[in-house]
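Enquirer: Build out the structure end to end from the sequences listed, making use of the hints.
Given next are the chains, with one letter for each unit.
Number of protein chains: 2
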Amino acid sequence: MKKFENFSQWFDKILFDADILDNRYPVKGFVVYKTWGFRIIKNIIEMLEEKLDETGHVPMLFPVIIPEDYFAKEAEHIKGFSSEVFWVTHAGDKELDRKLLLRPTSETAMYPMFALWIRSHADLPLKVYQSVAVYRCETKATRPLLRMREFLWNEAHTAHRDWNSAERHVREAVKIYDSVFKRLGLSYLIVMRPDFDKFAGAVYSIAFDAWNPDGRVNQIGTVHNLGENFARAFEITYEDIDGSHKYVVQTCYGFGVSRVLAAMIAQHSDDHGLILPPEVAPFQVIIIPVVYKGVAEEVYSYAREVYEMIKREGIRVHLDDSEDKTPGEKYYYWEKLGVPIRVEVGPKDQRERKVTIVDRISFRRRVIDLEETVKTIKSMFDEIIEALKERSERTLKEFIMDVFNEVSLRKAIEDRKIARVCWCEGLECAERIREVSGGEVRGHRIDIEEKPDKPCIICGKEAKKVIYVAKAY
Amino acid sequence: MKKFENFSQWFDKILFDADILDNRYPVKGFVVYKTWGFRIIKNIIEMLEEKLDETGHVPMLFPVIIPEDYFAKEAEHIKGFSSEVFWVTHAGDKELDRKLLLRPTSETAMYPMFALWIRSHADLPLKVYQSVAVYRCETKATRPLLRMREFLWNEAHTAHRDWNSAERHVREAVKIYDSVFKRLGLSYLIVMRPDFDKFAGAVYSIAFDAWNPDGRVNQIGTVHNLGENFARAFEITYEDIDGSHKYVVQTCYGFGVSRVLAAMIAQHSDDHGLILPPEVAPFQVIIIPVVYKGVAEEVYSYAREVYEMIKREGIRVHLDDSEDKTPGEKYYYWEKLGVPIRVEVGPKDQRERKVTIVDRISFRRRVIDLEETVKTIKSMFDEIIEALKERSERTLKEFIMDVFNEVSLRKAIEDRKIARVCWCEGLECAERIREVSGGEVRGHRIDIEEKPDKPCIICGKEAKKVIYVAKAY
Chain X
2 MKKFENFSQW FDKILFDADI LDNRYPVKGF VVYKTWGFRI IKNIIEMLEE KLDETGHVPM
62 LFPVIIPEDY FAKEAEHIKG FSSEVFWVTH AGDKELDRKL LLRPTSETAM YPMFALWIRS
122 HADLPLKVYQ SVAVYRCETK ATRPLLRMRE FLWNEAHTAH RDWNSAERHV REAVKIYDSV
182 FKRLGLSYLI VMRPDFDKFA GAVYSIAFDA WNPDGRVNQI GTVHNLGENF ARAFEITYED
242 IDGSHKYVVQ TCYGFGVSRV LAAMIAQHSD DHGLILPPEV APFQVIIIPV VYKGVAEEVY
302 SYAREVYEMI KREGIRVHLD DSEDKTPGEK YYYWEKLGVP IRVEVGPKDQ RERKVTIVDR
362 ISFRRRVIDL EETVKTIKSM FDEIIEALKE RSERTLKEFI MDVFNEVSLR KAIEDRKIAR
422 VCWCEGLECA ERIREVSGGE VRGHRIDIEE KPDKPCIICG KEAKKVIYVA KAY
Chain U
2 MKKFENFSQW FDKILFDADI LDNRYPVKGF VVYKTWGFRI IKNIIEMLEE KLDETGHVPM
62 LFPVIIPEDY FAKEAEHIKG FSSEVFWVTH AGDKELDRKL LLRPTSETAM YPMFALWIRS
122 HADLPLKVYQ SVAVYRCETK ATRPLLRMRE FLWNEAHTAH RDWNSAERHV REAVKIYDSV
182 FKRLGLSYLI VMRPDFDKFA GAVYSIAFDA WNPDGRVNQI GTVHNLGENF ARAFEITYED
242 IDGSHKYVVQ TCYGFGVSRV LAAMIAQHSD DHGLILPPEV APFQVIIIPV VYKGVAEEVY
302 SYAREVYEMI KREGIRVHLD DSEDKTPGEK YYYWEKLGVP IRVEVGPKDQ RERKVTIVDR
362 ISFRRRVIDL EETVKTIKSM FDEIIEALKE RSERTLKEFI MDVFNEVSLR KAIEDRKIAR
422 VCWCEGLECA ERIREVSGGE VRGHRIDIEE KPDKPCIICG KEAKKVIYVA KAY
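Residue numbers (my numbering), protein chains in the order written: chain X, 2 to 474; chain U, 2 to 474.
These are calculated hints, taken from the structure and not from any lab test.
Among these hints, one or two may not hold up.
Heads up, the list lumps identical chains together, so a pair's fine if it works in one copy or across two of them.
Calculated pairs, EDC-like style, for lysine to aspartate or glutamate (alpha carbon to alpha carbon, straight line, at most 20 angstroms) [claimed, not checked]:
#1 141 to 98
#2 43 to 54
#3 337 to 450
#4 100 to 85
#5 337 to 271
#6 465 to 432
#7 29 to 69
#8 141 to 198
#9 128 to 23
#10 331 to 124
#11 141 to 215
#12 176 to 448
#13 95 to 85
#14 43 to 55
#15 141 to 94
#16 141 to 96
#17 80 to 139
#18 95 to 69
Expert: Below, the structure written as structure tokens:
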């Protein structure tokens with residue numbers, strides 16, 4: 002099972018072997034998150050929520066169900082989502098008075114409340130988030146973590162006094178996501194989605210497209226400027242300093258927790274199994290006593306000393322002193338789970354008050370003094386995430402291929418590349434790009450500035466944008 | 002608005018004033034948890050989950066939807082729940098092949114997976130938990146936190162080798178819940194539910210009934226021994242040491258997060274507003290600079306020094322240095338939110354390097370030396386939770402009333418008491434108790450041993466149990 006040759010089977014095997022999830026739940030598109038996977042998820046969410054708290058967002062929790070009439074208030078929004086929502090129509094054996102739907106996203110659950118809460122300019126900006134599951138009945142083939150009918154995300158929703166404040170906030174939201182994704186070592190393009198592919202109800206949408214080993218891109222986050230679209234539909238107004246009543250301007254952004262986990266696994270793991278950034282690993286360090294007959298007790302007690310020393314520093318460490326497995330079996334077990342650092346403690350280590358330390362990426366062994374252990378572990382954490390980030394960035398670059406005509410575009414997508422092309426911004430040319438290649442127009446980058454230096458790949462007229470084309474999940 | 006005279010309005014006012022939740026969501030029985038309330042909830046869940054982790058439980062996350070055919074596998078279970086489940090019948094404009102329901106509890110979502118995971122005795126015991134929302138279409142009048150159609154809970158599910166292991170585990174689960182509830186200062190009866198009121202599918206059910214100011218009891222937790230009922234329905238078997246194949250014996254238990262929050266608010270708060278146990282308060286300490294003209298800067302900077310000193314100790318502290326409110330307004334604001342300790346810092350405090358410290362229960366003021374602050378705060382935390390617990394226990398005792406005949410039973414329930422009666426264990430007498438009083442038979446206590454010393458309150462024959470009768474949420 003090779004990551005870049007046979008992504009699908011490789012990925013499924015990791016999800017199963019590393020106790021991330023079980024895909025055998027008896028309803029298509031719904032999975033069971035198992036313990037190791039769920040602990041990673043909790044750590045990712047905590048990392049994000051801390052950042053949101055620091056930047057003035059507040060947590061709340063809104064109901065999972067939305068009444069049909071509220072869902073229908075913003076015309077574009079319902080058009081975009083109605084074909085894939087799950088409908089709750091009965092309770093017990095009675096039909097409900099009005100249909101309810103499971104949130105596919107929470108604008109229409111939150112904004113009726115925003116209208117109640119926002120009265121004056123002093124109530125603004127309002128910045129709310131929640132980490133929840135959302136529901137979309139995907140008609141395409143479902144894939145665990147990547148395309149599911151129930152998936153986990155964090156959604157933030159804000160209201161501002163005017164367009165400029167909202168606009169500034171969009172940039173801040175992009176920065177927040179960027180910083181969290183970077184701490185997870187991920188690489189991606191930050192793109193402005195073309196107008197025909199923006200979020201239903203938004204003025205524009207920015208997206209984070211992460212690379213995936215099979216060449217498809219994985220949208221791990223989006224940030225939208227909603228303008229006054231929802232404010233008008235839900236009558237969210239405020240009294241300004243001068244006494245006038247105005248509509249708020251809103252933004253919202255979604256951090257795809259399930260998809261971020263997918264990206265982390267897909268970008269970092271190798272053919273030995275899972276690799277985890279230390280910051281989100283449920284155990285960051287595993288200690289394995291390497292015992293022989295006669296000297297077991299001293300080694301176990303030394304291992305416990307090492308354990309206590311590391312634990313005192315707030316590092317998530319586990320001592321595997323189970324006696325039913327050999328050290329080799331334990332190495333193999335914890336490698337598959339992606340624990341970033343293994344500390345081996347054998348009789349020689351114990352006698353010399355040293356430890357043997359091995360990282361999950363290079364498997365390089367170092368013997369160090371006991372007193373150096375914590376310091377070494379901490380610097381290895383930094384080295385590991387830097388190495389993951391660097392490797393991932395390199396791979397992203399390798400995926401991108403400049404193409405200048407339809408034939409090479411088709412070939413690039415067939416070869417599982419992300420194609421970089423010049424485009425005139427014409428709708429027909431975008432449609433033709435899709436037809437020719439089977440890839441989607443993902444948009445132009447906003448993380449770097451790129452100017453087209455060739456004509457439009459389709460019509461040959463002047464190009465306005467450098468855009469990226471890829472298959473997508 | 003008085004707590005014991007007009008509970009309902011008093012409670013609604015606290016929920017609103019203390020930013021716990023907003024009850025105006027446009028679907029009956031569904032509420033929006035606001036920031037302060039949701040932070041308290043997160044702290045309660047964290048406290049419980051830590052305890053579950055320590056005792057060998059593992060977190061997982063199962064889907065919110067359950068297919069009808071799985072839901073129907075255990076006959077008693079579906080009988081008990083089918084009248085109140087929400088049905089998902091359509092996706093987009095298409096009818097689903099098979100109906101799905103929103104989990105009212107997760108036995109039938111989890112146990113098909115248990116059947117896949119459990120193979121041998123080495124896989125046992127299995128102890129899984131999740132903190133999620135569940136859905137029951139209550140037909141009685143809904144009440145925020147106390148009786149809702151969407152409510153938050155933590156549910157744990159375990160599988161064991163035999164009846165005795167399951168039985169021992171039931172006792173452990175009761176202890177776990179008891180210890181967490183006690184840390185929240187709650188008082189309640191731990192009762193064995195009568196057979197006619199056990200959980201649908203269980204062999205027996207134990208429940209924690211907390212007192213409520215209006216005399217109704219609030220079931221905040223339950224623990225069930227499921228025997229082999231679900232194991233047989235879902236074919237959950239294991240191979241024992243001797244090679245034989247056996248059904249597992251299961252237990253499950255639910256910690257009603259929304260109802261625990263309700264109990265905490267209802268038992269501890271007073272007519273000034275919310276009172277919180279320090280362990281779950283979002284801010285445990287609020288610092289308020291008391292400034293006058295001319296000396297503001299020194300006081301603010303001293304307040305920041307106090308803040309840093311307290312924060313360093315891992316105490317959740319907030320410095321309210323906003324300039325748009327007077328100190329008096331700030332006192333009032335943070336009192337309503339139930340912050341356990343207020344530290345006032347005025348010019349005199351600053352000059353003498355002292356602080357003035359006030360707790361939320363007694364409002365007693367003490368002036369102490371700066372160096373004593375952290376130590377004093379920590380011991381006040383202990384005093385506060387002890388005082389809350391003691392007051393709550395006293396109230397529970399006052400609610401309980403011994404009654405010996407139908408007239409005084411009816412009177413006791415009318416007077417909003419919890420009636421303590423002797424009962425013959427006959428079904429007809431239980432039915433008559435309900436008819437006479439409007440209260441429900443809640444069961445006999447297992448936290449203390451009680452032997453009936455009078456005949457059955459209804460039939461006059463020999464009593465078998467001392468039971469408690471009360472109205473309930």
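Enquirer: If the cutoff is 20 angstroms on CA atoms, where do residue 128 and residue 23 land: within, between, both or neither? Let me know, please.
Expert: The answer is between: 17 angstroms across copies meets 20 angstroms, while 35 angstroms in one copy does not.
Enquirer: Treating 20 angstroms as the Cα threshold, decide for residue 95 and residue 85: within, between, both or neither.
Expert: between (24 angstroms within a copy, 10 angstroms between copies)
Enquirer: Give the relationship of residue 100 and residue 85 under a CA distance limit of 20 angstroms: within one copy only, between copies only, both, or neither.
Expert: For residue 100 and residue 85, the Cα distance is within 20 angstroms both inside one copy (15 angstroms) and across copies (16 angstroms).
Enquirer: Within a copy, between copies, both or neither: which one fits residue 141 and residue 94 at a CA-CA cutoff of 20 angstroms?
Expert: between (32 angstroms within a copy, 16 angstroms between copies)
Enquirer: First find the shortest C-alpha distance between residue 29 and residue 69 inside one copy, then the shortest across copies, and answer within, between, both or neither for a cut-off of 20 angstroms.
Expert: between (25 angstroms within a copy, 14 angstroms between copies)
Enquirer: Reference check for the pair residue 141 and residue 98, CA-CA at most 20 angstroms: within, between, both, or neither?
Expert: between (32 angstroms within a copy, 17 angstroms between copies)
Enquirer: Can you tell me if residue 337 and residue 450 fall within 20 angstroms by alpha carbon in one copy, between copies, both or neither?
Expert: Answer is neither: 40 angstroms inside a copy and 51 angstroms across each miss the 20 angstroms cutoff.
Enquirer: If the cutoff is 20 angstroms on CA atoms, where do residue 43 and residue 54 land: within, between, both or neither? Let me know, please.
Expert: Answer is both; intra-copy 16 angstroms and inter-copy 14 angstroms each pass.
Enquirer: Between residue 43 and residue 55, at a C-alpha cutoff of 20 angstroms, which is it: within one copy, between copies, both, or neither?
Expert: Both ways: residue 43 and residue 55 sit 18 angstroms apart in one copy and 17 angstroms across, limit 20 angstroms.
Enquirer: Using 20 angstroms as the alpha carbon limit, work out where residue 337 and residue 271 are close: within a copy, between copies, both or neither.
Expert: Intra 10 angstroms, inter 54 angstroms, cutoff 20 angstroms: intra-copy only.
Enquirer: With identical chains treated as interchangeable, where does the CA-CA distance between residue 331 and residue 124 reach 20 angstroms or less: within a copy, between copies, both, or neither?
Expert: So residue 331 and residue 124 pass the 20 angstroms test across copies only (18 angstroms; inside, 56 angstroms).
Enquirer: Is it within, between, both or neither when you check residue 141 against residue 215 at 20 angstroms Cα-Cα?
Expert: For residue 141 and residue 215, only the intra-copy Cα distance (17 angstroms) is at most 20 angstroms; the inter-copy one is 53 angstroms.
Hint compliance for this structure: hint 3 alone is broken.
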